[in-house]
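> Chain Y is fixed; fit chain Z onto it per the hints.
Okay, here's what each chain looks like letter by letter:
Number of protein chains: 2
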Amino acid sequence: MEKEDNFGDWYIDIVEKANLSDKRYPIKGMNVWTPYGWKAMSNIDGLIRKELDATGHDEVCFPLMIPETEFKKEKEHIKGFDSEVYWVTHAGLNELDVRLVLRPTSETAMYPMFALWVRSHQDLPLKVYQIVNTFRYETKQTRAFMRVREIHFFESHTCHVSEEDAQRQIEEDVEILSKIAKKLCLPYFLSVRTDWDKFPGAYYTVGIDTVMPNGKTLQIGSIHHYRTNFSEPYGITYENENGEHKHVHQTTYGMSERLLGAIIGAHSDDSGLIMPPDVAPFQAVIIPIISKDNGPIVAEAALALAARLSAYGIRVKLDNRDARPGSKYYDWEIRGVPLRLELGGRDIENGVVTFARRDTGEKGAIELRNIEQGVELLLKIISVSLSEKAEKSQISKVEDMDSLDSIPEGKILRFGWCGCEECGHKFEDTYDLKILGTPYLPEEYSGRCIICGKATDKPTMAARTM
Amino acid sequence: MEKEDNFGDWYIDIVEKANLSDKRYPIKGMNVWTPYGWKAMSNIDGLIRKELDATGHDEVCFPLMIPETEFKKEKEHIKGFDSEVYWVTHAGLNELDVRLVLRPTSETAMYPMFALWVRSHQDLPLKVYQIVNTFRYETKQTRAFMRVREIHFFESHTCHVSEEDAQRQIEEDVEILSKIAKKLCLPYFLSVRTDWDKFPGAYYTVGIDTVMPNGKTLQIGSIHHYRTNFSEPYGITYENENGEHKHVHQTTYGMSERLLGAIIGAHSDDSGLIMPPDVAPFQAVIIPIISKDNGPIVAEAALALAARLSAYGIRVKLDNRDARPGSKYYDWEIRGVPLRLELGGRDIENGVVTFARRDTGEKGAIELRNIEQGVELLLKIISVSLSEKAEKSQISKVEDMDSLDSIPEGKILRFGWCGCEECGHKFEDTYDLKILGTPYLPEEYSGRCIICGKATDKPTMAARTM
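Chains Y and Z are the protein sequences, given in the same order. The first sequence begins at 1 in the working numbering and counts up one residue at a time. The second sequence begins at 1 in the working numbering and counts up one residue at a time.
Quick caveat, the hints were computed from the structure, so don't treat them as lab data. Don't take each hint at face value.
For chains that are exact copies, the list does not tell them apart, and a pair is met inside one copy or across any two.
Each computed DSS-like pair below joins lysine-lysine, with the alpha-carbon atoms no more than 27 Å apart [unchecked claim]: (1) Lys73 with Lys127; (2) Lys39 with Lys3; (3) Lys183 with Lys39; (4) Lys50 with Lys183; (5) Lys79 with Lys140.
Isolated chain Y, as found in the complex (with noise of 0.2 Å):
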């Protein structure tokens, strides 16, 4: 299956044979995670955690299920989640008097307790976050990881006492997404959505917007300032110092294991996955090379080595099942194992351990004796060149367009708009896009609306989305 021609159909053929997910539970959507995929994806929420644990974000856990009455506080926000939301009706063999909803997110789960919790000024910035599954009923064709009904997912939600406040939270936001993509070696754009694509109930929502290889988007998250249009109808207030009772602004902040799509769609090639050495369940692999007179010895020598870099702190898996080299290497490529080491009789003299990238191909010998320096100098090569990789890659998917005259396939497009909700609308139907947004951090840009070709000072990007 080639990941160039036909992305889609490749997708799923990698899934299924790294086996990262199984898809035939008796629910369309609701896929099992192996143990494969379950590390991997452990392994993104360790360095979601440390991040937000690192700006004081207190990690929480509030209840899946979300009483109606509750739910429908905010208009915006029920609107935009009424058709796509699972519904308790009985307990045992009674009818529920309130139904209960599968959180699809957890703002009127949580809104109602930060209305307890939140006393004084003294109680503020209130910051907590959530790694949780979350519920949708999508109607669109499902795929693992992408469009799926029920969702791995992280969520922070913070209160403060301003609006500044609060935007000085998405600013910590960003630079927490940074931290984190880098470790994922995944590139972005983040967008201001348009007003009729911004989160129900947001005042702004920032799309952050990752590049498929056959040229479509795939959001893998999205940052919001609520402003107060949640803590006015939760009744979220705080006493300021003046004794004043003022609804506090909110943000929130998410991402789910879209980004694990993300990273198989990023990074991975015709021969299987390629993870990043920060998610790889296993970051090496050591294939003893026996012959037929010195297989005690390089036994011995391998699981040594097993042991040394494991001690260094390095997800090291030893292969010695009875099976040739060459099959080894085949079923640890397709899992994306970014480092192979070989073992034999003739490193072991030499002090070597033979290395080959997954990555590039690229072999080489570390000498034994700094192997553990030798292993992390490497890994740390690989996510480097993955991240740059993937870099270009984006960037050669996007194209500066200012006439409609021809619109190409597979392209992100650059453009100038208006802004102008009627311009955005035209655009969107008539060609079938999807409008992005403006970029979040500022752009020099001089241009005309490709719509209506009045002037304007923003670029805008149009994609197809996955």
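What follows is chain Z alone, placed relative to chain Y:
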């Protein structure tokens, strides 16, 4: 509130004061995990994960929802759960064709997949586990961590070639339990449950019970042997070495957030929680003792002390709030931090840190030079001491009984039982006590059935349960 006199109220009070969970969520029995409670639970999850990983179990994550058709395949099982599951009947604006159940436990989610995963004897044993939330529509009075409707839950599921191999798994589970319980400083009894009290669908169930200060038992987990009771309806078969197709033998092992409830009940006192060091979100708290002329020196030394302990892997909290030391002592006492470290001008001059143990109140000094090892050792001593105290308390609550003339209150009763259902029911119904079952580990015993007088070589235990 006094623990010994009114355990029930004391417990509710302590959970609230220590801020482990917030029960004001608008659905009864679905509580919010606060940062402190969630950290403690995550530490427990970590202990479980470590032992499960070390014994070759793979972590997975199965979908939350189970189609009614799959849920009803094993007749005993569904009879046992029919009255206590939540039903999802609608998605978006549509009624579902097949109703979905929120997992009360995951047999019926996992076993259709095991039927696909297991092909040959080489795929066995299959050993997986997950840590997820489960759901039961509890109609009795709810109590944080002990009886809730959304339950944080660990469950391992295994498949084996034979009944004997499955039995060996049960023995491994008992071993795993002993390691985890040691870290939680929790004593427990293992009882083979009566036939009318075993898990719905099990061949036999081992209940894991611990004793609360009021003399009631709390079941903190269970281990089940299923034989082929589930593999038959779910069609989980393997081809053996002779090419014959056989049903697998299965086991499960589950424990829940009740472990945290048990810890609170077992170790805490009238001044608040006492967290076992391996569970404590903060193992030590540093309180700078500042006098009017040494502020900066003490603050700097406290910071350096925190950094040293943290680098050594100790979970340490530096409390440098602008408050009196006494009020800080009080706060951390309630929250159960096992070790308090005080650092003042005199301590710095003498090159020591003053400590106070939360469990005994004992005070002393540790040399600053070896502070890491000193704190580590004290935490170990506290852990052993908590275990011994809880063990003693458990033993003191067990009373041997050889007649029904007078039944002691607030005790776990140990007596002979012929094992027949008639005598069992008669005893339970007459005295409103639950028979916990017969000892899982062999015990010397010779006596008579306390009900019918028949000779028996097995004791049984009975108690009121939480």
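> Take the hints in turn and mark each one as holding or not.
Hints versus structure:
Within a single copy, Lys73 and Lys127 get their C-alpha atoms as close as 22 Å, which meets the 27 Å cut-off; across copies the closest is 45 Å, which misses it. Proximity of Lys39 and Lys3 under a CA criterion of 27 Å is satisfied intra-copy only: 24 Å inside one chain copy versus 43 Å between copies. With identical chains, the CA atoms of Lys183 and Lys39 are at most 27 Å apart both within one copy (16 Å) and between copies (25 Å). Proximity of Lys50 to Lys183 under the C-alpha cut-off of 27 Å is found in both arrangements, the shortest distances being 12 Å within a copy and 25 Å between copies.
Taking the shortest Cα distances, Lys79 and Lys140 sit within 27 Å of each other inside one copy (19 Å), while across copies they are farther apart (36 Å).
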